[in-house]
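Asker: One-letter residues, chain by chain:
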Amino acid sequence: MRTGLWRFALLLSPAPLSAQLPADLARERADYTAWLTSSPISPLAAIARQAIGAGIRLGPPDADLPLDGIPQHRLTVRGGAARLEAPAGGRTVPRGTPIRLGPYTLTVDGPVGKAVVTAFAPIRVAKQPAYYPYQPSLVFTGPLRPPERPGTVRVLAPDGLEVEAAEAGTVVVPIGGTRVRLRVLRLPTAGSEESELEIFFRDGTNGRGSYPAGRFVRLEPGPDGRFRLDFNRARNPFCAYSSAYSCPAPWRGNAIPAPVAAGERYEE
Amino acid sequence: MRFGWVVVAALVVSPPPPPGGSWRAVLDLAGGMLPFALELSEAKGRWEGRLCNGRRCQALSAVRVDGDSVVLEMADYAATISAARRGDSLAGAYRNVGNRGPRVIPFRASRGRWPARAAPAALLGRWDATFTSEFGSSPRVFEFRNGPQGLEGTMISNTGDYGHFAGAIRGDSFALAHFDGSFVYLLTGRLKGDTLRGDFHAGLRTRTPWVAVRSTGTPHLKAPTEITGADTTQPFRFAFPDLEGRPVSERDPRFAGKVVLVDIFGSWCPTCHDAAPVLVRLYRKYHGRGLEIVGLAYEVTGDSAVDGAQVRRYREKFGLPFPLLLAGINDTEAAAATLPQLRGFTSFPSTVFLGRDGRVRRVHAGFYGPATGRQHERLIREFEREIERLLAESP
Numbered sequence: 176m177r178t179g180l181w182r183f184a185l186l187l188s189p190a191p192l193s194a195q196l197p198a199d200l201a202r203e204r205a206d207y208t209a210w211l212t213s214s215p216i217s218p219l220a221a222i223a224r225q226a227i228g229a230g231i232r233l234g235p236p237d238a239d240l241p242l243d244g245i246p247q248h249r250l251t252v253r254g255g256a257a258r259l260e261a262p263a264g265g266r267t268v269p270r271g272t273p274i275r276l277g278p279y280t281l282t283v284d285g286p287v288g289k290a291v292v293t294a295f296a297p298i299r300v301a302k303q304p305a306y307y308p309y310q311p312s313l314v315f316t317g318p319l320r321p322p323e324r325p326g327t328v329r330v331l332a333p334d335g336l337e338v339e340a341a342e343a344g345t346v347v348v349p350i351g352g353t354r355v356r357l358r359v360l361r362l363p364t365a366g367s368e369e370s371e372l373e374i375f376f377r378d379g380t381n382g383r384g385s386y387p388a389g390r391f392v393r394l395e396p397g398p399d400g401r402f403r404l405d406f407n408r409a410r411n412p413f414c415a416y417s418s419a420y421s422c423p424a425p426w427r428g429n430a431i432p433a434p435v436a437a438g439e440r441y442e443e
Numbered sequence: 003m004r005f006g007w008v009v010v011a012a013l014v015v016s017p018p019p020p021p022g023g024s025w026r027a028v029l030d031l032a033g034g035m036l037p038f039a040l041e042l043s044e045a046k047g048r049w050e051g052r053l054c055n056g057r058r059c060q061a062l063s064a065v066r067v068d069g070d071s072v073v074l075e076m077a078d079y080a081a082t083i084s085a086a087r088r089g090d091s092l093a094g095a096y097r098n099v100g101n102r103g104p105r106v107i108p109f110r111a112s113r114g115r116w117p118a119r120a121a122p123a124a125l126l127g128r129w130d131a132t133f134t135s136e137f138g139s140s141p142r143v144f145e146f147r148n149g150p151q152g153l154e155g156t157m158i159s160n161t162g163d164y165g166h167f168a169g170a171i172r173g174d175s176f177a178l179a180h181f182d183g184s185f186v187y188l189l190t191g192r193l194k195g196d197t198l199r200g201d202f203h204a205g206l207r208t209r210t211p212w213v214a215v216r217s218t219g220t221p222h223l224k225a226p227t228e229i230t231g232a233d234t235t236q237p238f239r240f241a242f243p244d245l246e247g248r249p250v251s252e253r254d255p256r257f258a259g260k261v262v263l264v265d266i267f268g269s270w271c272p273t274c275h276d277a278a279p280v281l282v283r284l285y286r287k288y289h290g291r292g293l294e295i296v297g298l299a300y301e302v303t304g305d306s307a308v309d310g311a312q313v314r315r316y317r318e319k320f321g322l323p324f325p326l327l328l329a330g331i332n333d334t335e336a337a338a339a340t341l342p343q344l345r346g347f348t349s350f351p352s353t354v355f356l357g358r359d360g361r362v363r364r365v366h367a368g369f370y371g372p373a374t375g376r377q378h379e380r381l382i383r384e385f386e387r388e389i390e391r392l393l394a395e396s397p
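Protein sequence lines, in the order shown, are assigned to chains D and X. Count along the first sequence from 1, then add 175; that gives the number in my numbering. Count along the second sequence from 1, then add 2; that gives the number in my numbering.
Same shape as in the complex, but just chain D (with noise of 0.2 Å):
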């Protein structure tokens, strides 16, 4: 009756359920709180995207991407390169590395075609994510069913990239006393062999506690082939520490009609 149903992982092990942070999460969530708060990337670092098109202008209040204290610039992109144009010269940025301009870090990221730059300045407030209490009975184990429509798919990655995703398969999971079946798309990573397993979920949380827009979860393979869905792993997309970026749009499906009461909060 159970069989392919997902399970409460902790009720496989013999130990009482337990509500103390594994040291695993906590670590993984300090030394994301590290970076969100100090890196010079950092989403609480952006303070403008813009696709560059066939070039935008930086730097002038009536600039396309103002700069206070800069002086024009202008970015284009010919032939997939990116280059910043300057009165005193200009130099090449490659996709993905950070640049300084004055106090100022850009990047420039995306498809070709699609090229966007952000602007970062330096951190103003670097407020720590929140997280709801653990919830042990939110992690779950079981297999990945493969998808009904194999296949490609254009979606925004948490970063607000658009990247072209595959279609990995689906999760079923005992939530609110339903079953809810939840879409797995595989994001790749840019110039890597890496890629993700994620879905992006709504759920009763939403506007109430957690990010109006949804939030993202890995799906984490296990050595034996299994996968392990764990809730109070949901983190915000990076529009949720900066309106630079672009919100992902919701997923088909991945609507969880009850409120998944863990992972990262958010806060006005």
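Hints are computed from structural coordinates only; laboratory data are not their basis. Any given hint might turn out to be false.
Stated by the list, open to error - Partial list, computed: chain X residues near chain D (C-beta under 10 Å):
| id | residue |
| --- | --- |
| 1 | PRO19 |
| 2 | ALA95 |
| 3 | VAL106 |
| 4 | GLU136 |
| 5 | GLY304 |
As the list claims (entries may be wrong) - What the simulated footprint calls covered on chain X by chain D, stretch by stretch (three residues with Cβ under 8 Å from a Cβ of chain D suffice, anywhere in the stretch; the number is not a length):
| id | segment |
| --- | --- |
| 6 | 31 to 38 |
| 7 | 328 to 334 |
Predicted, not measured: the structure shown is a model, and the values here were computed from it. Cβ coordinates follow ideal geometry from the N, Cα and C atoms, glycine included.
Fit chain X to the supplied structure of chain D, relying on the hints for placement.
Answerer: Just chain X now, with coordinates in the frame of chain D:
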């Protein structure tokens, strides 16, 4: 009584033994354990170390030991391993930073060396593998052999190899790893009958299943000469500054009437490091008969001062006797745009063979490094045959 207290206090506060020596290290990936080795040593109060995949080692850029804390730095990749010592074990994490957040993988180590265990003959040799992911299927080739420290080998794709893998064998199962501070690769598999099945793990969580059968000799990968095409009707054109800022183009007198190898490379590219010594040997062997080589560097920052320094280091490291030009940045699309006569350029390194009339005769995408064994030797023979053939043509 007092003496007893002194003894207890000394035991409590005595520092852990120094971390010098050999360590069996592991990264705990979601799908399995990635084994590698660390060698740490101290000389005149200064710690240094090496990170090894089997017999292939690379120096760590810094080793810091402070009490029970050990920090190993790999500056080229802005990566660190930080760990706490507890007796004869280390536990901590490998970290580097990406644009989407920190990349953290659990690390642990214990004193000693990995046992060198030879693999059975049934596992050795060349295998044609097919990787299957949600993005589709793609071919790879595995080369397995027994080295002085047990099973080793490499994995080859359409555009080159993934470097040296080393690992362990247990019964009919194996785990081969390549960890250089940036790339985190683990190949696990099991031989059943005449078929190998397993997973390729990249980073903490990416797992791609594969199936492999013994190579029959029929090409499984796309030939490196089929990947990148070229306009062969006109002389191949390039014009970039050299490391002293002087413009150099195909019209430079040193290339007139010569057979020219254009090496499209980057100092950041490990496979290019494998190719560089081969190019030096080819240059020394054939330069007197009319071979020239020019390296086009596609670097990381696009800042000529920074990139120039990086390429100068590369030139000195390999003693490259031919000119290196700063051609652009290492974005494949951007690089392709600087060489419009190439079609389908996808791979660093790529080697363009020009005849004495300056036109493209062959484009070889990628390079089989020494880790590929026979592939490497065969590639050198192919390059030599092609050069001999082109040198024999009349200008």
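Asker: Run every hint past the structure and note whether it holds.
Answerer: How the hints compare with the structure:
no., hint, verdict
1, PRO19, "violated, 25 Å"
2, ALA95, "holds, 7 Å"
3, VAL106, "holds, 5 Å"
4, GLU136, "holds, 3 Å"
5, GLY304, "holds, 3 Å"
6, 31 to 38, "holds (count 3)"
7, 328 to 334, "holds (count 5)"
The structure fails to meet hint 1 from the earlier list, while all remaining hints are met.
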